[in-house]
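Undergrad: Following the hints, position chain B against chain A.
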Amino acid sequence: MRHSFLDKYSGLDSPIHRLDARTKILSLFCLVVICVSTPAQAYFAFLGYFVVLAVVIAFSRVPLGYILRRSLVIIPFVLMVAVFIPFLKSDGPSGGYSLGIGGLRVSRSGLLVLWNVLAKSYVAVLSVILLSATTRFSKLLAGFEQLKIPKIFIMLAGFAYRYVFVLVDELERMKRARDSRCYGGKWLWHSKVIGQMIGTLFLRSYQRGERVYVAMVSRGFDGRAVSLGRTQFGRADYLVIAGAVTLFLFLRIVVP
Amino acid sequence: MHIPDGFVSGPVNVATYAVSIVACGLAVSRANRTVGERQIPLLGVTAAFIFAAQMLQFPVAGGTSGHFLGALLAAVLLGPLNACLIMTLVLGIQCLAFADGGLTALGTNIFNMGIIGGIGCYYLFQALKLVLPKTRRGFLAAVAISAWSSVVLASAVCALELAVSGTSPLKVALPAMTAVHALIGLGEAIITTVVISIVLASRPDLVATWKLGRNQAKKSEEA
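For the protein sequence lines, the chains are A and B, in the order given.
Anchor point for the first sequence: position 61 equals 79 in my numbering, and the numbering is continuous, going up by one each time.
Anchor point for the second sequence: position 103 equals 92 in my numbering, and the numbering is continuous, going up by one each time.
Rather than coming from a laboratory, the hints here were simulated on the basis of the structure.
Treat the hints with care, since some could be wrong.
[Stated by the list, open to error] PhoX-like, lysine-lysine: derived pairs with alpha carbons at most 25 Å apart:
hint, chain 1, residue 1, chain 2, residue 2
1, A, Lys210, A, Lys26
2, A, Lys169, A, Lys193
3, A, Lys169, A, Lys157
4, A, Lys210, B, Lys160
5, A, Lys210, B, Lys123
Bound-form chain A, shown alone (with noise of 0.2 Å):
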């Protein structure tokens, strides 16, 4: 499948790769809790993440074009929330500057709230594409289960990554069967369409999670998944998130 970019440099070898996956979770999660924190006035602070994060990723040998292309995830809820806002906002006689275009003003405060939210969603998404990257799906899973998430959610976590891929490989056929055959089913008023195709995956995918059952409890499944390899949580672990939050809190308090 066409979707192999979810994994794709997670395998890499870098100094990055190989620290243990609740140190990045933790550190990165400290970054995006004090970044959306910041003042949106801290311009040096928002220019230091951005530079840790440059840095970061450099040294993890992740190609920067793959983070770029995936950090457009955040467009379509940008375009359709937060590029009117300097139109809308009005600060007064005074404030906001004059576009010369029919009388288009575009306003201080208005420009502030834009920045506010491009930096510090941008700022987020590069962190979490920097961790998805650099950490296997099933190591951030084990991450998170001595993170003490619930296991239920690691458990479903789990099977949802392993049959995801197969569901959307059933989609594309079904796709591929549909499109050759002149089906319609793109825009909205295909939605008739579309609810075939998904009721018919649901019932695909509930009796292939039946017959996957059935298939485990015949291999002794009795509820619980046991995984080999645990990872230890070294001196350098703890070194690494202590110097990280300091690094962020210093950018967060002191450079301001």
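TA: Frame of chain A, contents of chain B only:
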């Protein structure tokens, strides 16, 4: 409708996270008690199914595209708390593996799509089932209306959160979001209804809420 980081303010994040964590805690503790080992592969595959189904995008007017949400479908098929569990899982994977939806906004997204769109609209669906005629057609009508509402309500709550956070004014965000999602909701309603009718036709045992209605009918007949 997946809100990225930075769009909603701290208090909104904290409040929605709190509600989502309580709901997920309930769902997890109930699942631990009642979900047998049998259901784990089934729930997992259903989560993968919702995930795959969300990838079928259809363009709506004006360059925006909509896709299937699936919260209500999961609620009708598996019950509200399992639906909340599955939507949390889907949103969590989308956030972590695809960076679709923010990390700090995850609680907000779960609140909008899992709790408002899944649990809330499930009770709307139950209420509609009481009002509408107890036939297959009435059942499907209840599914369609609550599926449409799940998308529209989730987007309205999303606009409200953006307004409370000071990101976009309510008088602009609310009409814009709900208008687009009223259209997307039509797609959601048609898709959910078609899926439910296909499942009812071939595997009626899989629709938890339908079986319940029948058992009740049987019980009342016996009484």
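Undergrad: Now look at each hint and say whether the structure bears it out.
TA: Taking the hints in turn, this is what the structure says about them:
A hinted pair counts as satisfied when its Cα atoms are at most 25 Å apart, and Lys210/A with Lys26/A does not qualify at roughly 35 Å. Taking the CA atoms of Lys169/A and Lys193/A, the gap is near 35 Å; set against the 25 Å cutoff, the hint is violated. Annotation: proposed proximity of Lys169/A to Lys157/A holds, straight-line Cα distance about 15 Å (limit 25 Å). As the CA atoms of Lys210/A and Lys160/B are separated by approximately 33 Å, the hinted pair breaks the 25 Å bound.
A hinted pair counts as satisfied when its Cα atoms are at most 25 Å apart, and Lys210/A with Lys123/B qualifies at roughly 24 Å.
Hints 1, 2, 4, counting from the list given before, are not met by this structure.
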